[in-house]
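J.: Below are the chains, spelled out letter by letter.
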Amino acid sequence: MKKQIIDFRIIDRKMLAGDRYALLKLVVADGSQLPEGIRAGQFAQVDAGCKGVMLRRPISINKIDYATGELWLLVRDAGRGTHAITRLSEGDMLNMVLPLGNTFSYPAAGSKVLLVGGGVGVAPMLQLGIELKAMGTDPVFLLGARSQTDLLELDEFSRTGKVHVTTEDGSMGVRGFVTDHPAMNERYDMVYCCGPAPMMKSVARSARKSGSACEVSLENMMACGLGACLCCVEKTVKGNVCVCTEGPVFNIDQLTWN
Amino acid sequence: MKKQIIDFRIIDRKMLAGDRYALLKLVVADGSQLPEGIRAGQFAQVDAGCKGVMLRRPISINKIDYATGELWLLVRDAGRGTHAITRLSEGDMLNMVLPLGNTFSYPAAGSKVLLVGGGVGVAPMLQLGIELKAMGTDPVFLLGARSQTDLLELDEFSRTGKVHVTTEDGSMGVRGFVTDHPAMNERYDMVYCCGPAPMMKSVARSARKSGSACEVSLENMMACGLGACLCCVEKTVKGNVCVCTEGPVFNIDQLTWN
Amino acid sequence: MELNLSVDLGRGLKLKNPVMTASGTFGYGEEFADFINLDKLGGYIVKGTTLNPREGNDYPRMAETPSGMLNAVGLQNKGVDYFIREIYPRIQRFDSAMVVNVSGASPDDYAEVCRRLAPLDGVAAVEVNISCPNVKQGGMAFGTTCEGAAAVTRAVRAAFPRHVIVKLSPNVTSVTDIALAAEAEGADSVSLINTLMGMAIDVERRRPCLSTITGGLSGPAVRPVAVRMVWQVAKAVKIPVIGLGGITCGRDALEFIMAGATAIEIGTANFIDPAVTVKAVEEITDYCHRHGISDIAELRGII
Amino acid sequence: MELNLSVDLGRGLKLKNPVMTASGTFGYGEEFADFINLDKLGGYIVKGTTLNPREGNDYPRMAETPSGMLNAVGLQNKGVDYFIREIYPRIQRFDSAMVVNVSGASPDDYAEVCRRLAPLDGVAAVEVNISCPNVKQGGMAFGTTCEGAAAVTRAVRAAFPRHVIVKLSPNVTSVTDIALAAEAEGADSVSLINTLMGMAIDVERRRPCLSTITGGLSGPAVRPVAVRMVWQVAKAVKIPVIGLGGITCGRDALEFIMAGATAIEIGTANFIDPAVTVKAVEEITDYCHRHGISDIAELRGII
Chain A
1 MKKQIIDFRI IDRKMLAGDR YALLKLVVAD GSQLPEGIRA GQFAQVDAGC KGVMLRRPIS
61 INKIDYATGE LWLLVRDAGR GTHAITRLSE GDMLNMVLPL GNTFSYPAAG SKVLLVGGGV
121 GVAPMLQLGI ELKAMGTDPV FLLGARSQTD LLELDEFSRT GKVHVTTEDG SMGVRGFVTD
181 HPAMNERYDM VYCCGPAPMM KSVARSARKS GSACEVSLEN MMACGLGACL CCVEKTVKGN
241 VCVCTEGPVF NIDQLTWN
Chain B
1001 MKKQIIDFRI IDRKMLAGDR YALLKLVVAD GSQLPEGIRA GQFAQVDAGC KGVMLRRPIS
1061 INKIDYATGE LWLLVRDAGR GTHAITRLSE GDMLNMVLPL GNTFSYPAAG SKVLLVGGGV
1121 GVAPMLQLGI ELKAMGTDPV FLLGARSQTD LLELDEFSRT GKVHVTTEDG SMGVRGFVTD
1181 HPAMNERYDM VYCCGPAPMM KSVARSARKS GSACEVSLEN MMACGLGACL CCVEKTVKGN
1241 VCVCTEGPVF NIDQLTWN
Chain C
2001 MELNLSVDLG RGLKLKNPVM TASGTFGYGE EFADFINLDK LGGYIVKGTT LNPREGNDYP
2061 RMAETPSGML NAVGLQNKGV DYFIREIYPR IQRFDSAMVV NVSGASPDDY AEVCRRLAPL
2121 DGVAAVEVNI SCPNVKQGGM AFGTTCEGAA AVTRAVRAAF PRHVIVKLSP NVTSVTDIAL
2181 AAEAEGADSV SLINTLMGMA IDVERRRPCL STITGGLSGP AVRPVAVRMV WQVAKAVKIP
2241 VIGLGGITCG RDALEFIMAG ATAIEIGTAN FIDPAVTVKA VEEITDYCHR HGISDIAELR
2301 GII
Chain D
3001 MELNLSVDLG RGLKLKNPVM TASGTFGYGE EFADFINLDK LGGYIVKGTT LNPREGNDYP
3061 RMAETPSGML NAVGLQNKGV DYFIREIYPR IQRFDSAMVV NVSGASPDDY AEVCRRLAPL
3121 DGVAAVEVNI SCPNVKQGGM AFGTTCEGAA AVTRAVRAAF PRHVIVKLSP NVTSVTDIAL
3181 AAEAEGADSV SLINTLMGMA IDVERRRPCL STITGGLSGP AVRPVAVRMV WQVAKAVKIP
3241 VIGLGGITCG RDALEFIMAG ATAIEIGTAN FIDPAVTVKA VEEITDYCHR HGISDIAELR
3301 GII
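Residue numbers (this note's numbering), protein chains in the order written: chain A, 1 to 258; chain B, 1001 to 1258; chain C, 2001 to 2303; chain D, 3001 to 3303.
Check the hints yourself; a few may be wrong.
Keeping only pairs whose Cα atoms sit at most 35 Å apart, straight-line, the calculated DSBU-like set for lysine-lysine is [unchecked claim]:
no.	chain 1	residue 1	chain 2	residue 2
1	C	2040	B	1002
2	A	3	D	3016
3	B	1133	B	1003
4	D	3238	A	3
5	D	3040	D	3238
6	A	235	C	2235
7	B	1209	B	1238
8	A	51	A	209
9	A	201	D	3078
Derived by calculation from the structure, the hints in this document are not laboratory data. Given the structure is predicted, the values throughout are model-derived calculations rather than measurements.
Could you put together the complete structure from these sequences and hints?
T.: Below, the structure written as structure tokens:
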């Protein structure tokens, strides 16, 4: 799949969970087709275009709809660069390099899978759920957040599959972390997970315990996103590898997490 | 007069002479009064707020209307910083440090004066003309440009006083430079001038020849605008002085121009 | 919680907080009095003063570069006697430590300026500029060898009874060696970094942006180099270190303090936000409250 | 008008235009093949290669700074034999001069890598990295003394028959002395600047941003320092100079050429715009047409 540098135009922006997240809906600015074959797990390197930010910011694909030509990004305001991206308006342009990185693996149709997302880590789980559903596997989502107001895109997830929720304050679903949810105790053909590192490590432990296979999507800081700068490395059983090209999705058996 | 750091809001923006200039009309963002006593010749240090620009850009006061609370800036797109300023929209904020620098001197009421402006150098001449008129001196403007389409704010100048025009291509007024205009040959109590350095030097020579006093407004590159960095110096009969505090207006007798 | 931001740099140089202004970026302080209450600063360092008046370099003296600027002012000033007669009486009223930055073409030059400043009780310290890249004679030459740094420090130490800060050049292979040389000759503290020697070319006009071709680079661009050098020097010397180089806010200042600086100077940022110094003090205060710090010393050199 | 952008760096290293890529920022070239036609580059310098495989430093290895970035990769690579066996056969097809950047812990190390590369005709030159700030042994140590630079250059010169570029560190008092030392030992050209040693601290977490505490600063922030050093070195040596440090476009490249560089390398900018190199060639071409230049040599060293 050829990587491209493309100007997108924002056709819709919604702020979520207060002002801490933005859901951007984009189309290719010159009206041409989306690059073909973009899949869940991949990401774009986004030029924030603002004062004081030089490097692009990696943002994972939240949803891609080839029928409408829309690409969705769910962006957390986590610093100067992502702040500027969340503050863009309808009509603004956004330059991106994409598609980057690998994808989640597909299970056999009808497999039992759990898609676990925490915080902005829910982003790739939506597209993954859509893909799995289209391939005959029913996605079950387990979404964790601090509080009910921090849960993102619940409507979209509910439209795609069954949704379990945990909140730290108990304001919705099971009180606690995602690993406190009973769904975590079952055995799955695959547990997919994206979220803060401590959460992913804890989900990985839980998956091991229940004998489930598990893939996680890492968020290491990166400069190029192309495997050139060697900055985003993760220690694996094969040594240091670039998260941007060998990842961001890794089977936990490849990682050196305990 | 106390210098202040103030957020302004753009209430109107007009592009002039193609897209190479913007006329910005601003009010104090929080609705409070304009700083008192701002006069022709003074300037503001404007934060372009854009990627790749660190220092403020000095922009001279084009017009200040205490009745409406409006401050006008005429900005030429001359680089990354001023480009960004000219591309701002109605409703955008602009942070400025002002008022900075000295002012043009006032002649006795009824004096014979000529106000010469070239390019974006016409900007301070409008406010100066308004002030002179209010004090009983009829301003006569001599405005030079490459071509008719490059003449800025002609309506405003015409409303304020008599206007002579020169264009290099002869498309309006006298063909040639401002110094080719017959009005330049007369003796004035004061010739005020702002424009490109070669033009100002030529006007200064012409004023000397006709025995007119002459004040010019310099545009030396500056960092702080406060007399602290000592970067914008001009050689004068008193040695190197800061254009931002001892100027921008200088009587030509103070300068070491030939 | 009570918060103690005051720092003691030794030999009588006590600051109510660690924030000072860098020489050559803050005039004599007065230029900023419309924007801030100077009494809120830890100290202010007035611009480079020489024995005789200097006209400085020709225009153009400045060029903006990515997140930085080059300057080649060349120590324009009216000389130490003018300072003593005209400026000092006006600015000694500020309730903030006054430091005079001193330059010269020879160790004797430096010493003579300091000797003349010595009777002024309001001058709490001199900052000895052995690192100005913009003057032909002296300046940086003293800052790039241990012998040069030692010679100037020795001369100044003998001439000035109060606090002596030696300002170091970053244009060297080992800044710690220069710092140790200054310490050995009696410097009470070192400040760093002065500007990095740089250059820019106007390619459309095919000529250098500065009249002097090269000049001194300052601003946020150089901050990583400055933090690194402060960290190295603070680990090597026993005297206090004053950190500067691209500080634009309290967060930046804290980088230097955590790297080992006892105080910091804000320079180029004054050109962009004339109120930046007082804001930095407020931001440091906020940080300490948020992190349960009761004395700024708790953060010093923790890296 | 016909325009000649080609440059001859000597000993067989001819480039169709002056634009190359900096080691460690362009992988093996292949990573950028989706974005640009590599045949349009003057040359490409593949990443730092050592005798034995290296895992490099721990994560985190990168921090963004104002108009720049710090990195501490630490020469992660699979070793020269892997390069010869697996990479070289794939990338020799590009119609652009291939240069291999070489690092080592001793002069013998460097020489052995070069000896193994010598039989590969497709390797037009080696770039000898005597200035990597991110490895404990060797690296920058060789680049900060004339003796170190001379020793490595001498060893490589004896081991490699084609063009030898020596890449210089900016973390020195006199970069021209190091350049002259390399020239005296037979370097065919020098390239500069490698990264400035820098550091950044995450003040909220109160720890260094990099696992190695210090790292190498690159990007537009350092460009004024790089242009200055290229200008100084080009005036001092007779061999060609290759300029790099913060180049993001044709205009930036022309700064280095006017300062005396025969060729240039684009580094960090590849991370931001993967097509920047080819754009820079186009921008240089446009500039020459606008200014009536028929040979890029007319602009070289005009300052």
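J.: If a hint holds in the structure, say so; if it does not, say that too.
T.: Taking the hints in turn, this is what the structure says about them:
1. Distance check on the hinted pair: residue 2040/C and residue 1002/B sit about 19 Å apart at the alpha-carbon level, within 35 Å; holds.
2. Only pairs whose Cα atoms come within 35 Å are accepted, and residue 3/A paired with residue 3016/D is accepted, the gap being roughly 27 Å.
3. Of the supplied pair hints, the one linking residue 1133/B and residue 1003/B holds, its CA atoms being roughly 26 Å apart against a limit of 35 Å.
4. Distance hint between residue 3238/D and residue 3/A is unfulfilled; the C-alpha atoms sit about 43 Å from each other, more than 35 Å.
5. Annotation: proposed proximity of residue 3040/D to residue 3238/D holds, straight-line Cα distance about 28 Å (limit 35 Å).
6. A threshold of 35 Å between alpha carbons decides the hint, and for residue 235/A with residue 2235/C the separation of about 32 Å falls inside it, so the pair holds.
7. Distance check on the hinted pair: residue 1209/B and residue 1238/B sit about 24 Å apart at the alpha-carbon level, within 35 Å; holds.
8. For the hint pairing residue 51/A with residue 209/A, the CA-to-CA distance comes to about 47 Å; that exceeds 35 Å, so the pair is violated.
9. Annotation: proposed proximity of residue 201/A to residue 3078/D holds, straight-line Cα distance about 29 Å (limit 35 Å).
In this structure, the earlier hints numbered 4 and 8 are contradicted, and the remaining ones agree with it.
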